[in-house]
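Chains U and Y are the protein sequences, given in the same order. With the numbering used here applied, the first sequence covers 302 to 406. With the numbering used here applied, the second sequence covers 275 to 487.
Warning: the hint list may mix true and false statements.
[Said to hold, decoys possible] Now the in silico label distances, taken between C-beta atoms and shown as ranges:
| id | chain 1 | residue 1 | chain 2 | residue 2 | range |
| --- | --- | --- | --- | --- | --- |
| 1 | U | Leu339 | Y | Val288 | 20 to 26 angstroms |
| 2 | Y | Ala335 | U | Gly392 | 46 to 52 angstroms |
| 3 | U | Asp362 | Y | Ile450 | 25 to 31 angstroms |
| 4 | U | Pro366 | Y | Lys312 | 35 to 41 angstroms |
| 5 | U | Glu345 | Y | Ile435 | 17 to 23 angstroms |
| 6 | U | Pro366 | Y | Asp311 | 37 to 43 angstroms |
| 7 | Y | Arg478 | U | Gly342 | 24 to 30 angstroms |
| 8 | U | Val365 | Y | Glu408 | 43 to 49 angstroms |
Please keep in mind that the hints were generated in silico from the structure rather than gathered at the bench. Each residue gets a CB set at the ideal place from its N, CA and C atoms; glycine is no exception.
Chain residues, written in single-letter form:
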Amino acid sequence: MKEKYWIYGLGIALIVGCVISLFASSHPDGLERVAIDLFGGEEELEEHIEGKEVINSPMPDYVVPGIENETLAASLAGLIGVLLMFVLAVGIGKLLKKENNNLNN
Amino acid sequence: MHIPDGFLTPEIWVGMWLISIIILGYSVSKVNKKLGDKHIPLMGVLAAFIFAGQMLNTPVAAGTSGHMLGGVLAASFLGAFAASVIMAAVFIVQAVFFQDGGITALGANMFNMGFIGTIVCYYIYRGIRRLIGEDTKKGILTGVGVAAWLAVVLASAATSIEIAASGVFPLKESLIAMVGVHSIIGIIEAGITVSVVSYVLKVRPDLFNLEKI
Numbered sequence: 302m303k304e305k306y307w308i309y310g311l312g313i314a315l316i317v318g319c320v321i322s323l324f325a326s327s328h329p330d331g332l333e334r335v336a337i338d339l340f341g342g343e344e345e346l347e348e349h350i351e352g353k354e355v356i357n358s359p360m361p362d363y364v365v366p367g368i369e370n371e372t373l374a375a376s377l378a379g380l381i382g383v384l385l386m387f388v389l390a391v392g393i394g395k396l397l398k399k400e401n402n403n404l405n406n
Numbered sequence: 275m276h277i278p279d280g281f282l283t284p285e286i287w288v289g290m291w292l293i294s295i296i297i298l299g300y301s302v303s304k305v306n307k308k309l310g311d312k313h314i315p316l317m318g319v320l321a322a323f324i325f326a327g328q329m330l331n332t333p334v335a336a337g338t339s340g341h342m343l344g345g346v347l348a349a350s351f352l353g354a355f356a357a358s359v360i361m362a363a364v365f366i367v368q369a370v371f372f373q374d375g376g377i378t379a380l381g382a383n384m385f386n387m388g389f390i391g392t393i394v395c396y397y398i399y400r401g402i403r404r405l406i407g408e409d410t411k412k413g414i415l416t417g418v419g420v421a422a423w424l425a426v427v428l429a430s431a432a433t434s435i436e437i438a439a440s441g442v443f444p445l446k447e448s449l450i451a452m453v454g455v456h457s458i459i460g461i462i463e464a465g466i467t468v469s470v471v472s473y474v475l476k477v478r479p480d481l482f483n484l485e486k487i
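So here's chain Y without its partners, still in its complex pose:
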């Protein structure tokens, strides 16, 4: 779902850059001097895994593929702001080194595929978890699963709104098509997120229960 250069008009991409810089700056200030030594290897592993996972496109419908995003996964381990920092790093590396997503569109891509998941959907996960049972496995897994699915769907909606606002596609058609495809891709996202969290809860629950930043 990485937007390339040439899709967004300057008003939109500059605006999205500004929004993302503000969110990233705020995230860095929240994370700064709060991370413990235990968070650091986890940040490395999550960033590496999410980068690799985003390379893995799986077929979802006739002639269409999708890949994971990983924002809710990262935030469920690290908290909203530490996760926002590593997701931003993933999108920066993809755009700069691998031409995956444009440089002009980087602000939009960080917001859509990163911060919507790490911040908006992270708090949705926390809400669902509290509702079902804060310390129950069912609460945790339902929460991350629903939030992960929603992160992909909301990312696709935001992407189509930005592209439509740039006058490239008509809003209604692109919104329906994007949300349609991504509600299937979101199921894969939910599956990966639930599997990883449930595996770590089994083998190293302490890693999942680090302080959230």
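Chain U with its partners taken away, still in its complex shape:
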């Protein structure tokens, strides 16, 4: 990629995903709040969804498992996610771009 701005863009995304996100609110989000209120409590919500997961994600809740330091585990999950997202989107872009451009590269 000739352009270099993506380095800054990716840098900002990494700062948000690895550093600023550590200060994110751990309160339930809008949907979880409404679910807790309508089910009558956090435990009731947990009961409702517990064991219903179809797959086991490798990094549930944006935490890399097996790392004792919680900050590091969360930061690392952000790093992996942001880089994965960038590579995936660029890959999709390259796959879907104009054919004639392939000849010029």
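Once you've looked at the hints, dock chain Y against the given chain U.
Chain Y only, in chain U's frame:
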């Protein structure tokens, strides 16, 4: 606002999967062979930024938080269909790797938090922009701001309708509660979208003015 597995009945989640596959398939066919080299790094940066931004829950009311969605932001740069493709990629990565949103509910989540913003609200933004002034900063920023707010509110309404149709919550209560909370979260969405667009218009207006796909 990611719906987990276990919330939606099969009729609803299969139906939402079908709708999302059709929209995604159509989007891919619209994007295919149209993207230029200039779009590609922008797709990467937007996908990475939106993923990171969705990790950042901010407190909105007592004991409640919310995060950005980013669909209108992505579409304002890339156009409705290229943005739909990257938003779908974001929700797929979240569900598969981070258990954020269920696999069964993925179709619903892509539709609610993705396509409503990238398609419906993108065209609302274009309409507002045309109305106020196609090439004015005021037109652009008002358009993306209103559309971004609306994207969050409409996403919350769609989510509560799907969950109510699954018989989990009563429709009226969940609709009022969801739209209530998300009309506040939508203000954050509008703020982020307007800030990013206005910053890019200042430093790299050419990036905002790429062909829309």
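Going through the hints against the structure:
1. Distance hint check for Leu339 of chain U and Val288 of chain Y: the Cβ-Cβ separation is about 24 angstroms, which falls inside the suggested range of 20 to 26 angstroms.
2. For Ala335 of chain Y and Gly392 of chain U, the Cβ-Cβ distance of about 39 angstroms falls outside the hinted range of 46 to 52 angstroms, so the restraint is violated.
3. For Asp362 of chain U and Ile450 of chain Y, the hinted distance range of 25 to 31 angstroms is satisfied, since their beta carbons lie about 29 angstroms from each other.
4. A beta carbon spacing of about 39 angstroms between Pro366 of chain U and Lys312 of chain Y agrees with the range 35 to 41 angstroms that was offered as a hint.
5. In this structure, Glu345 of chain U and Ile435 of chain Y meet the distance hint of 17 to 23 angstroms, their C-beta atoms being roughly 22 angstroms apart.
6. At roughly 39 angstroms, the beta-carbon separation of Pro366 of chain U and Asp311 of chain Y lies within the given 37 to 43 angstroms, and the hint holds.
7. The given range of 24 to 30 angstroms is broken by Arg478 of chain Y and Gly342 of chain U, whose C-beta atoms sit roughly 49 angstroms from each other.
8. Separation of Val365 of chain U from Glu408 of chain Y is about 47 angstroms and conforms to the stated range, judged on CB atoms against 43 to 49 angstroms.
This entry does not satisfy hints 2, 7, going by the numbered hints stated previously.
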